[in-house]
Amino acid sequence: MKCHRGQLIIILACLVVYSCTIFEKDFDNPVDFEANEEKGIGAPTLVFYPKSQTKTTSDSVIVGSFIIFKEDSMEAFSGVHLQIEFPNSYLELDTITPGLFITDTSKSTPLFTYTFDSVNTIDIYTYFLDTLKTDLLGTGHLADLVFSPTGTGSDSVSYNLNACEMIDHEDNVIVLKGDRGAEVIVE
Amino acid sequence: MNKSPKYFLFLLLGTLYSSNLDPTFLVLNHFDRSLPHADSSLIENFSNSIFEFDSTFHLLFEDIDDYENPAASYMNTIKELGKKHKVNFILFNQIKHVDDRFMLEGQLFNTRSGGLIYRRKIDLMNYLNGQINELNMWVGNVTGSIDDKWQKNRESILFRDPEDIKQEKTPLGAAMRSLVAPGWGQVYSGKKVSARVWVGTESALSLAVLISFLKYDEAVKSYLANLTLYNDTYDEKEVADYKAKAESDWDDHVKFSQLAIAFAGATGTGWVANSIHAWIVGPRPYKNIYQKWDPKSPNKTG
Chain E
1 MKCHRGQLII ILACLVVYSC TIFEKDFDNP VDFEANEEKG IGAPTLVFYP KSQTKTTSDS
61 VIVGSFIIFK EDSMEAFSGV HLQIEFPNSY LELDTITPGL FITDTSKSTP LFTYTFDSVN
121 TIDIYTYFLD TLKTDLLGTG HLADLVFSPT GTGSDSVSYN LNACEMIDHE DNVIVLKGDR
181 GAEVIVE
Chain H
1 MNKSPKYFLF LLLGTLYSSN LDPTFLVLNH FDRSLPHADS SLIENFSNSI FEFDSTFHLL
61 FEDIDDYENP AASYMNTIKE LGKKHKVNFI LFNQIKHVDD RFMLEGQLFN TRSGGLIYRR
121 KIDLMNYLNG QINELNMWVG NVTGSIDDKW QKNRESILFR DPEDIKQEKT PLGAAMRSLV
181 APGWGQVYSG KKVSARVWVG TESALSLAVL ISFLKYDEAV KSYLANLTLY NDTYDEKEVA
241 DYKAKAESDW DDHVKFSQLA IAFAGATGTG WVANSIHAWI VGPRPYKNIY QKWDPKSPNK
301 TG
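Protein chains in written order, with our numbering: chain E, 1 to 187; chain H, 1 to 302.
In short, the hints are calculated from the structure, not lab data.
Where hints are given, some of them may not hold.
Said to hold, decoys possible - Taking lysine to aspartate or glutamate and the EDC-like style, the derived pairs with C-alpha atoms no more than 20 Å apart in a straight line are:
hint, chain 1, residue 1, chain 2, residue 2
1, E, K51, H, D252
2, H, K243, E, D72
3, E, K55, E, D171
4, E, K25, H, D252
5, H, K243, E, E34
6, H, K237, E, E183
7, H, K215, E, D104
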C-alpha cells in the first residue's frame with residue numbers, strides 16, 4: 001500500500017512538474033520581418049534562408065537570398081545589387097539561379113547576372129523586367145546560391161551591406177536597413 | 001406490553017436516612033420497550049414500597065431541557081403530585097434504546113419545593129438485565145441502598161485491564177485511509193455523506209487536472225508542430241500563418257499549464273484536508289470501551 005501511495009505521489013509530482021514546463025517563444029525565421037525587428041534588424045532587409053544548415057561533404061549547399069519588407073510596406077523595387085561573401089575554405093561556388101520573386105513566379109525573365117572574384121565574393125545584379133509591371137512589391141526570393149563543399153568547416157555566408165544596393169524603376173535608391181547572414185556547417 | 005411507550009406509576013414508601021425520617025417516593029417510569037421484570041425487581045429490592053399505575057403522566061418530564069430553568073420547570077405539577085400521593089420525593093425514570101445501547105435518565109424532584117434536586121444520565125451498551133440493573137442502581141443510589149451484585153453486574157462489561165482494550169477503528173486509521181483514497185477514511189468512520197462529498201470533490205478536481213494537462217499537452221504538440229512548419233518555410237504568407245497558429249498554441253499551453261498547476265494544488269490541498277477531516281471525524285472509542293457480554297462466562301454475571 002505504501003509503495004502504491006509513493007508511486008501515485010511520484011506520478012502526480014511528475015505530472016505537475018511537466019505541466020510547469022513553459023516553452024520559450026522562439027520565432028526566428030529570417031523571412032519573418034517581425035522576428036528580424038525583435039533582433040533589431042529593420043526592414044527592408046537582405047537575408048539568407050535557411051539561417052543555418054548542416055551538410056556533409058557529398059551534399060550540395062543551397063542558400064536562398066531574400067529581400068524582406070514589412071507587411072504593410074508600399075516601397076516597390078526594380079533592381080538589386082547584392083554582394084555576398086562566403087567561406088571559401090570549405091565551400092566552392094557551383095551556380096547561382098534567379099529566385100521566384102524576381103521572375104514574378106516564372107512569369108517574366110529578369111535581367112540576372114553575377115560576377116565571382118574567384119576568391120570568396122559574388123556580385124549579383126538583377127533587374128525586374130516585365131511587359132506590364134515596372135516593379136515588385138513585398139517580400140520575396142531573389143536568388144539561390146549553390147555551393148559544393150570542398151572540406152569540412154563551420155562559417156557564415158554574409159552580405160556586404162555597404163556594397164549592396166536596391167533601386168526602384170526610376171533609379172531612386174531604396175535604403176537597405178539590415179542584413180542577416182546564414183550559418184553553413186559541413187561535417 | 002407493546003412497543004409504545006408505557007407508563008406506569010408506582011408508589012414507593014420507604015425510609016431514607018433514619019427511622020425518624022420517612023421519605024416517601026412516587027416513582028414514574030417511562031420505558032420505550034417492555035421491561036416485564038422492572039416492577040417486580042423494584043418491589044423485591046425496595047420492599048417498603050407501594051406501587052400505583054397511572055397513564056396520565058404521558059410525556060410529562062420529557063422536555064425538561066427546553067426550559068430556561070429545568071430544575072423549576074414543573075414546580076406546580078410536582079407539588080400537586082406530592083400532595084395527591086402524600087410523598088416527599090418524585091422519581092422519574094426514563095429508558096430509551098438506540099441500536100445496541102440504552103439511555104437511562106433519572107430525575108429526583110422534591111415535592112415540598114417542586115424543584116429538581118438530582119438528575120442522572122447514563123448511556124450504556126446493552127448487557128444482560130442491564131436496564132433493570134441500572135434502574136436498581138439509580139433508585140438504590142437515591143435511597144442509599146446499593147447492592148454489591150448490581151455493581152459487579154455493571155463491571156462485567158468493563159475491561160479490567162486497559163491492555164485488553166482493542167480499538168478496532170481509530171482516527172489515525174481513518175486519516176491514513178483517506179490519504180490513500182479520498183473518502184475512504186470517512187466511509188471507514190461511517191460518515192457516508194461526507195465521504196461522497198470528498199470523493200466527488202476530489203474526483204472533480206482530479207478530472208480538471210487531467211483535462212487541463214491533456215489540453216496543455218495538445219497545445220504543446222500543436223505549438224511545436226506549427227513552430228517546425230514556421231521554421232521550414234520561406235513563403236511569406238505561410239510564415240505569418242504558422243506563426244499566428246504557433247502563438248495561439250503557445251498562449252494555450254501557458255493557460256492550461258497554469259490551470260493544471262492550480263487544479264493540482266487544489267487537489268493536493270483537498271487531499272490533505274480530506275485526510276485531516278477523516279482524522280477529526282474518525283472513530284473514537286469514548287462509548288465503546290465495554291467488552292461484549294458473555295453469559296456463559298461465570299465470572300461475568302452480576
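Which numbered conditions among the earlier hints are violated in the structure presented, ordered from lowest to highest? Violated: hints 1, 3, 6 and 7.
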